[in-house]
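Chains A, B, C and D, in that order, give the protein sequences. In terms of this note's numbering, the first sequence has 28 at position 28, counting the first letter as 1, and numbering is strictly consecutive. In terms of this note's numbering, the second sequence has 121 at position 121, counting the first letter as 1, and numbering is strictly consecutive. In terms of this note's numbering, the third sequence has 80 at position 80, counting the first letter as 1, and numbering is strictly consecutive. In terms of this note's numbering, the fourth sequence has 244 at position 244, counting the first letter as 1, and numbering is strictly consecutive.
If you're looking for bench data, these hints aren't it; they were derived computationally from the structure. This structure is a prediction, so every number in the text was calculated from the model and none was measured. Don't take every hint at face value.
As the list claims (entries may be wrong) - A short, non-exhaustive set of chain D residues, derived as facing chain C with CB atoms under 10 Å: (1) 215; (2) 218; (3) 222; (4) 252; (5) 623; (6) 624; (7) 637; (8) 697; (9) 698; (10) 728; (11) 738.
Said to hold, decoys possible - Heads up, incomplete: computed chain A residues facing chain C, CB under 8 Å, no partners named: (12) 90; (13) 93; (14) 95; (15) 165; (16) 183; (17) 186; (18) 191; (19) 193.
Heads up, the beta-carbon is just placed ideally off N, CA and C, and yes, glycines get one too.
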Amino acid sequence: MMGGLQPGFGAIGYDLAHLLGGAVLVLSFALLYQRRLTAVINIYAMQSWVLAAAAAWQGWVQSSAELYVAALIALGVKGLAIPLALHRIVRRLHIHRAVETALGIFPSMAVGVALVALAIMVVLPTTMQTQVLTREDLSLALSVVLLGHLMMITRRTALTQVIGFMSIENGLILGAVGVQGMPLVVELSVAVLVMVGAVVFGVFFFRIRENFQSLDDSHLDQVGGAHR
Amino acid sequence: MTSLIGLATLLLHVALMLALAPLLVGFIRTIKARVLGRVGPPVVQPWRDLLRLARKQPVVAENASWLFHAAPAAGFAATLAAAALVPGFALGMTTAPLADLLVIAGLLALARCLLALAGLDIGTAFGGIGASREMTFAAFAEPAMMLVIFTLGLLMGTTNLDAIALVLREVTVGLRVSLGLALVAIVAVAIAENSRLPVDNPASHLELTMVHEAMVLEYSGRHLALIEATAALKLLLWMTLIATIFAPFGTATPESGPLVWLFALPLWAVKVGALAVVLALFESAIAKMRVFRVPEFLGIAVLLGLLAAVFLFVSQGIA
Amino acid sequence: MNELRIIIGMLRELFSLPGLVVVVPLATAAWLSFVTDARRGAWINAGAATLAFLLACALPWEPTTGTLLLVEPLAAHMAILTSFIGMSTAWFSRDYIAVEATEGRLDPMRLRDYHALFQTYLGFMLLALLSNNVPGTWGSIEAATIASVLVVGLPRTAAAVEASWKQLLICGVGISMAFFGTTLLYLAAVPVLGSGLPAMSWSQLPAAAPAFPAAMLNLAFVFMLLGYGTKAGLVPLHAWMPDAHAEGPTPVSAVLSGSILNVALFVILRLRGLLDANPDAIAPGPPIMALGLASVLLASFSLWPRRDVKRFFAFSTIEQSGVAAFAFGLGGAAATFAGLLHLTLHTLTKAAVFQCVGRAVQLKGGQNFTDIGGLLVRHRALGLTLAAGIVAVAGLPPFGLFASEFLVLLATVRELPWLVAPLALGLVVGGWALAMRLISLCLGPPTPDRGAAPGWIALVPAWVHLAVVLVLGLAMPGRVAAWFAAIAEAAP
Amino acid sequence: MPRAGRFRQRRADCISWWCETVPALCAVPGAIALSPVILTGFALVVAALLGLGAASAVVHHHIPAGATRRRAAAAAALASRRIAALGSLGVCGLGFLLVLTYLLAGAGTATITLPLGLPGLGVPGLGVAGGNLLDGTRYDGGITLALDGLSGFFLLLLMAAGAAASAAALDGPGDTDATAPFLPVFLAAMALTLLAGDAFALVLGFELMSLASFALILTHHDDATVRAAALLYIGMAALGAACLIPALALLADGAGWDLRFAAIRALPPEGWRATLVFVLALVGAGSKAGLAPLHVWLPPAHAAAPAHVSALMSGAMTKVALYLLVRVLFDLCGPAQPVWWGVPLLVLGAGGAVLGGLRANLENDIKALLACSTVENIGLIVIGLGVALAARGADLSTLAALALGGALLHALAHGLFKSLLFIAAGAVQHGAGTRLLVRLGGLIHRMPVTTVCVLVGAASLAGLPPSAGFAGEWTLFQAVLGGPRIGNLGLQILICVVAALMALAAALAAAAAVRLVGVAFLGRPRSPRAAAADEAGPRTRDALTGLAVALAVVGLFPGAVLSLAEPVLRRLVSAGLDDRAGLLEVAAQAGMPGYSAAGIALLGALAAGLVLWLVRTLTTPGHRDAPAWDGGFGAPPPWLPFGDPLTQYGGASFAQPLRRALGGALLQADEIVDMPAPGETRPARITVELSDPAAWWLFRPVAELRARLSAFADAIQFLTIRRTLSLMFTVLVLFLAVVALMEQL
């Protein structure tokens, strides 16, 4: 249900949702921009908080209990637990603190901008019929997803890739909570979290440093196709 | 009536072919001797040789198989059958319906293969050399022969020699480029088939230069006699063939009756004799060519045959 | 509160027949995670799988449309197929794993994990097939993926860990795409079906599809196609598949190449139905065909340089999955029938092949082609079964894949004749490579044995599979043919 | 399906059968009741053969455990071979009588539908529209078997060759036990292909044939060359299927997705569709028939297989492929096809004929030699088919009938004499322990019966009158001779060249035949094993004699064989040969004198009689044995029991002139002479290298391309995770961009 707010510019519901969504996007850019691992983790945590805020706000707007739960989960797990775990991993495994980039910072920013443009271009015509709210949120969410993906492929170290993956997942949740009365939001966010958890667990369990075999180009070049 | 005449013609023809073949060889030798300024043997010498050889008991290698014993007679029989198909002085023999040019070529090929096998049977080097070269030359002679047959077949609408001869005799096809080229081609083929100069030297007794002779080196006595007779018969056969196709005038037909034979027989003798003289002069004029030049020689014959057929297409759109 | 009512309704559904098909494996999984005795675990595993299969066989007579579960012919067929593979693999793995344990490659704890994860995987696969709502399907596929990742990593070799990590990341990304697609699909459905569960239920989407906002539907399609295409191992999203097949325990390769691929293609097929129904949406066929054709060509050429048996057959799986996807992309009842038949028969055949390969690997103590050769000479039964399996995969008569490939080519000529050229090229190159490996595996001088020779019992599942493939391909009973035809005609 | 459904199904079948048969039968009185019975009989024959295969396999693998396990296994293997060979011998004999009665009774047509076959044609869009799958009122893809003159003619050959091959398999060496069960399956598959009445049955039989022969080739799989040959073979088979299925699909597409030939015949293809079908069928069937340049698999495969199998492959299987060609090009594509269809067949046929004939002269392994001559003969037959196609396109149906008849006659003759020669090759390998010409010789003394039969076969191979081979080649050449009447100067010149090449090929074949017989069977043995060779086993001798007799019959009465083909010619080219092919004579045009084998034989006999009489009267009988004179070399020393082997002409030396004349140009043959310096004691060596132009120009590049593409595929897919993800990401962005574009537009 619409929670008695009329969509469109000037509506407080719209503005704030838009603002929060925009904040998430900006934080994704920040993730792309950062060069230090710890900072990357912190920014990811920040992004999760903003996401939680967005979810809570949507919960208030749509006055649905589920979204509050989703917000709590986002805050608790992704805003606190996982970042702490990651910091721990960094300390435990003595992971090199600097981020190795495959694509330079500025070029990746430029590509990111292009991706956002693409996202808007794709989403705009699709949402003529649906609520403005959804339209904006959707394009933001898609941008966040694409940026996360970009981060995964432009950063060499496993941990940054994991964080990129998790920011993708943040984008997904952002899109999900933005949708009017989408059922099973909680279940879905939990499911996604399981995935994320599995990945983080994987990093921790498999002792994946930046020089884990399968993540190191030089290694795989010898273990080329001919040997498979 | 005509069937009786046909039979009579056939018998006379076969008898004459058998009788005259050695004489033809002797005649050619005499001419060649005269051209070279020698007196040379008498014309009947080949007959004498044949009979002498026939009386001798053959000496056969121990490891000879039955094929070695049978080959000369079988080859002679095949050649004789072919000879019985080629009309000489008169058309319309009993065998006329069978006288297909392809069949004649086939029978000659049969005789050749038999001799080649016999040449390989003892397992000597020279027999092998002769057989291998004989078959190689044949491989190049066949296409030329086939193209000549092709041309004649296209021109006459059949490959039956008797019919072709009849048409050529009755209808004046006029002087055709095709026929001229075909004549040259078939002469080349005939030279190769009869292992005459420049492809092979029948008089040579230096093994390395022999082709046909090398093949039969192991033969003696009556076997050798049969082989010599076969060679002679084959030569006469080819000359008759050429004469029948390219100089068809004056041959008797079943209708014309036996009296015409009085003209036809000498005429045939004259034609063959003329060809023999030409051959003799030609042979005494040139030398034997290297074995590996022969394919080129025959290849030219093939091309001429091809040209003959093509000219035919150009001159008359076959439809 | 209606939420509660829905939950209760779902619970009630779980204990109807279709629900049990799902519940039995999952419950068994829970039970198995406490069973430490390997032998008992194996027996329980096999028994539960059999029970699931028997229950699944009753599905065609139980068409249901609930809030949680949806049983329509296609889903029922897929469920039967998956549970059958599950059953025969469970029986196969009973003594396969025993050998592994005696060889000391797996300790009891791992064995417990193995059995529990096997049932978890099976259960979620079945749930994905039978679930009536899109997120449900998505969630169960994700769960199944995680389960399979853990199983693949079970042999703690570096290669296995690497493979499972690769699978985790790539499938994770794929899953996230699928999630986004699911959200978009919901968004597309909301205007028509209103917000709430109906907008997410497979049973209601097709009817409403024509009215969906086309653009949103397209976007949803793109994301879901790529997301589930990753699971189906379609090129270029296939990177995880060869490694997972090669490094995981063999029964897992058998199940992986069987089920997860089918489920993914099953979802893609449903999506195609939605887009076909919508007049202004993009044509779904071309993208699916493009991915399928790319898979066929790339995989068939990749077969040649392979040195690892299991990786080799993983690529052949990719090729066959490409053929099926291509057929589904073609559209039309005929092509759908062909694709469905191909999918079914290939699943059965490939499972049989992997079972034989697993045996051969245990026997020869290595999974390189250089280790395995001349099987026919000393182990005739194993060699013959493997040879027959490879012949079947290569699409030679008398086995069923010949008929299905014949039908696919026929349908291609009918729809888009010029596409026959690349497809046939791929099939020839692939078949040739298979023949090459058939010769090198089964014939020639035998390589030394380093392990125990399998008894003929171990081959019975493979024989059953091949027999079924033979019958379905050449002498399909009228009823079954009608059932297939009905599915194809009703298929979205 | 319900009982009522089954009843309706059966009724529908009966009606369709009636509509198929009766009109055709009324045309041919005497066959009214016969053809369906015969067809059913042949369905049973196929079933019986398959059953035999299964039975022999069961026997083979049912080995009683026990102390003497090894002996028990050997016994089981032997028993399985006995079952397979004896059974197929009986079944083939029966089938031969069956098909002979059928052909003599006028070859009516019949059709039956089996309950098993391709699933799913009931789906709308495939199969005939209308009706319902559940009650069988719809054609649901059950295999259709059809019998007509064409199938009958080729079945005659298949059954004869099959019987001979199974007889030879009976007392073949024990090392063929392993694959014995596949022999009847192979026969059954070929019979199924010939009997196929719809596209699926055709391809099914064809591929089953490939598979069974693949297994049979792999009998001696411990030999690497055998494995390589089998791999090449199966690859070509896959290629053939990949071409045939689309071709037949195109045909069915034109006929409203009814795969049955009856329906396709009713709506033959036109335009580009027909052209495509033509090309695909040519590649598909040609790859199996050994039509140049797709013949490369043939020599190694035939050399690798056991002798009786190569006999079947060369004698029958290549003919089955030709049957396929005739069926598609002449029957299914309908009469209204352009003249130029003949041209590719003429060119490829002539090329193959010469190439095969030449290689037959250069090969050293007698089975490879025979295989090459198969390539040559296939080329000749295809030339005949080409003339027939072109003539039919130009509405010269009498010429087309002559050409097609010649092709069929030569196909039959070649099937018979090639089976004979391959079986004899097997006997030689078994008896003399080798197939290499350089180790054989003098077998005529040790294997008299085999040698006589080989002489009969070799006469046909060399095309000498009055053999069967000559009859076929004579008819083919007469057809080519009539070719220029089709018109168009270009075509006329082409046909002229083709005639010359045919002659060259025939002469090369003659040389090859002389080389085979002369080197392997005559002369002195080149190895002790050859000197002590054993005569072929009794069953093999029976097979050889039977084939020799059959060859003699075909050679003496080619007209009779052609009259068996009469119904085919009337159906396919709407003209017969009955005005030209009598019992005793075959003529090119009605009323003209032609070729009378019997007459020639009689004439030859008379001549022989005359010669013998002359010899009796004029010469002294008897002869004296002595060491070979050998140009004066004298008797070989006692420590060289067979004489000095090196002074004897062998296979390589016999081929030398031809190799020098043609080999360099056609086969890149070059001789590497290693001449020791004066004073060195080592012998001089000459080695010859050949490479088939098809392998050079076609197969090697294709293989290289395949390898390069595989390398490329590996390069683009074995990436680090990061790059893999980038790939996925690129695809996603690409798809999104496309969608965005499509929505902007």
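Residue 90 of chain A as an interface hint toward chain C, with CB separation required under 8 Å: For residue 90 of chain A, the interface hint is violated, since the closest Cβ of chain C sits about 18 Å away, which is over 8 Å.
Would you check whether residue 191 of chain A satisfies its interface hint, that is, whether its CB is within less than 8 Å of any CB in chain C? holds (5 Å)
Measuring from the C-beta of residue 93 of chain A to each C-beta in chain C, is the shortest one below 8 Å? violated (15 Å)
Does the nearest C-beta of chain C fall within a distance shorter than 10 Å of the C-beta of residue 728 of chain D? Status holds, d = 6 Å.
Less than 10 Å between beta-carbons is the criterion; does residue 222 of chain D satisfy it with respect to chain C? holds (6 Å)
With a cut-off of 10 Å on the beta carbons, see whether residue 697 of chain D makes it to chain C. violated (20 Å)
Min Cβ distance, residue 218 of chain D to chain C: is it shorter than 10 Å? Holds, because the Cβ-Cβ distance from residue 218 of chain D to chain C comes to roughly 6 Å (cut-off 10 Å).
Quick check on residue 252 of chain D please, does its C-beta sit within 10 Å of some C-beta on chain C? holds (7 Å)
Does residue 637 of chain D meet its interface restraint, that is, does its C-beta lie within less than 10 Å of any C-beta in chain C? violated (44 Å)
Verify the interface restraint on residue 215 of chain D: the C-beta must sit less than 10 Å from at least one C-beta of chain C. holds (9 Å)
With chain C as the partner, please determine if residue 165 of chain A meets the hint condition of a C-beta pair closer than 8 Å. Result: holds, 6 Å to nearest chain C Cβ.
May I ask you to test the interface hint for residue 623 of chain D with respect to chain C, counting a Cβ-Cβ separation under 10 Å as satisfied? violated (55 Å)
When each numbered hint is compared with the structure, violations occur for hints 5, 6, 7, 8, 9, 12, 13, 14, 17 and 19.
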